[in-house]
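Listed in order, the protein sequences are those of chains A and B.
Residue numbers for the first sequence follow my numbering, beginning at 1 and rising by one.
Residue numbers for the second sequence follow my numbering, beginning at 1 and rising by one.
The set of hints was computed from the structure by calculation and includes no laboratory data.
None of these values were measured; they are calculated from a predicted model.
Be aware that a few hints might be false.
What the hints assert, rightly or not - Derived list of chain B stretches under chain A, where covered just means 3 residues or more per stretch with a C-beta under 8 Å from a C-beta of chain A:
#1 25 to 31
#2 71 to 83
#3 209 to 218
#4 258 to 266
#5 279 to 288
Heads up, the beta-carbon is just placed ideally off N, CA and C, and yes, glycines get one too.
Listed below are the residues making up each chain.
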Amino acid sequence: MAAKAFDVDALLDSAQIIVCCGAGGVGKTTTAAALALRGAERGRKVCVLTIDPARRLAQSMGLTELDNTPRAVAEIDTSAGGSLDAMMLDMKRTFDEIVETHSDPDRAKAILSNPFYVSLSSSFAGTQEYMAMEKLGQLKAASNWDLIVVDTPPSRSALDFLDAPQRLGRFLDGRMIRMLTAPARAGGRAYLKVFTIGVKVFTDVLNKVLGGQALKDLSLFVASLETMFGGFRERADETYKLLKEGGTSFIVVAVPERDALREAAYFVERLETEHMPLAGVVLNRVHSSAASNLSVEKSLAAAEALDESGEEPLTAAVLRVHADRLAVAGRDGRRAAQFRSAHPRVGVVEVAAQSSDVHDLEGLREIGSELSNGPSASAPKIAG
Amino acid sequence: MSDFPAVKLHVVSGKGGTGKTTVAASLALALAAGGRQVLLTEVEGRQGIAQLFDTPPLPYEERRVASARGGGEVYALAIDPEQALLEYLEQFYNLRRAGSMLKKIGAIDFATTIAPGVRDVLLTGKVMEAATRERRGGGRLYDAVVMDAPPTGRIARFLNVNSEVAALARMGPVRNQADSVMKLLRSNKTAVHLVTVLEEMPVQETADGVAELRGTDLPVGAVIVNMVRDPLLPDADVASAAAGQLDTAELGRGLKAAGIEPDPAIVSALAAEATDHAGRVRLEQQERTVLHDLDRPTYELPLIPDATDLAGLYDLAERLQTAGMV
């Protein structure tokens, strides 16, 4: 099938920002790290922002602590003149830093210890996405790198990455906050009246259910939002715009499984509607077999014949392993083909299933080379 | 005989992608088998139960979703924190009108999203209410309640509602609610089961999860190993296959005996596939050792092609019963 090609190397040589998205558990972080390493070894100054990487993958890049600062990855090949910095996002710290930058030390201290703030900065659904965007904005503004590769938070839905920041922005800019901060700002008298009654009911209920201290904490929290965060939504909108700028490309990561491909399809369609540039799809964990001309049926029949004869138990077992592998490869191939035919204009590159997780730079390098060449010649794809 | 006879509330957690919702649903079916009434709840607002049982999205209402073998019934409830808060305000304070006013101005949304721990108290509180009902009139009586809980990485924190709420409310009704939830969760009527697959990261998270639960005095129940595949190679050949030293002469002879031309390319391709397979079998064996060291009852469920359809759920339920979990 003459599917559209996805030229990963051309992308790595020209893009300024690459965002890797996809459902949780499809190998986004590994893909982001492999792309960043390849980009760096092709001569670009690259920074990779990872979110929650597996311990050993983080170690392979020298990331031993979560300190929210890009650190140079040693032991990469710098002969082409490139470099690689890597960092893990610390969402709470990123949030804390915004607070610290926008208020005096005493006030910052009060905010940082406020229980509402602690909850917002550590467990609000969407904070991680918001902070990933915020950090991306900061890295871009620093202008230290030619290319920034971003991993996205492990949300259930890939779309969360696009939606969550605005949700948090809306929430913080929302009626509730505005009402508690400055009822007088509300336009129109009737509006004001509803608000004032609303505030009274709210504070009464809060007092009754949570006790007086909670109310005091809440007013403090809201008051501090008022003075320092102004325009949360605008901030989210700014970064959202960054994603639409030239030089930004999205890569959708998936595996040949139903749910992951459905998520990938949603995302591909969403990017189209939003006019955001999709570079292509990376399909991880694709199984293949180098002996695909020995069919599942023939292998199983042969294994059974051997069983009956009572001879050659090893060969019988190996034939079953092969039949199993070929069945999985056939299924993967069909799913990949379905995705391709549903999205003929989207370039897809496949990465073979690895027998174990990637733990070192060499492993990342191999994935990088697969990403730019497709599966190696010794493992031809299984026809659907 | 059940391994958890005293347990009334089964909390099922697991790393994403391990099939936690499928296992929770199968466990509910297994518990209901033979005529019992079981409630299956979800708390993450993603309608996983409705998808599994192929029903329209569940409202905030207990609905029958399946009958179990031998006459039992499984009911399902998708717990929504907003609804739970409104119900709570109404029940305890007769604040129904205040509730709708609060909803209108976004206060309910506010309280259930960023008031520290309030959301979790509401979710666990509703599950507790269902698990401890005593008389008719307060709703349906259940023999057991199964909660499809948040993933392993967040489970200890989710269940440890006391400490979360403590930052906010040192006294008052919410604190009291949190205290009684905690009492049930720490009792022998509760078990927190962790679902995993035999891969490095999920197993590591399971071990971390067990340690965290133990650290907060929450009762760790079973470890359920999902999607287990049968080893295909004879035990004696796994080591040599994994090392890439399979006897290719023997393999060639065997293929010939089976009527397949032992073309060198085919032989080496098959040997390479056997190496991959053996490598995986060995990794799985290592992960099993890690799980064994956790010292909890462990059950294995096979990888079945369509675990997400109803027949698959009944199959898994029966296996949990046979294995002695229920």
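Hints broken by the structure, by number, lowest first? 1, 2 and 3
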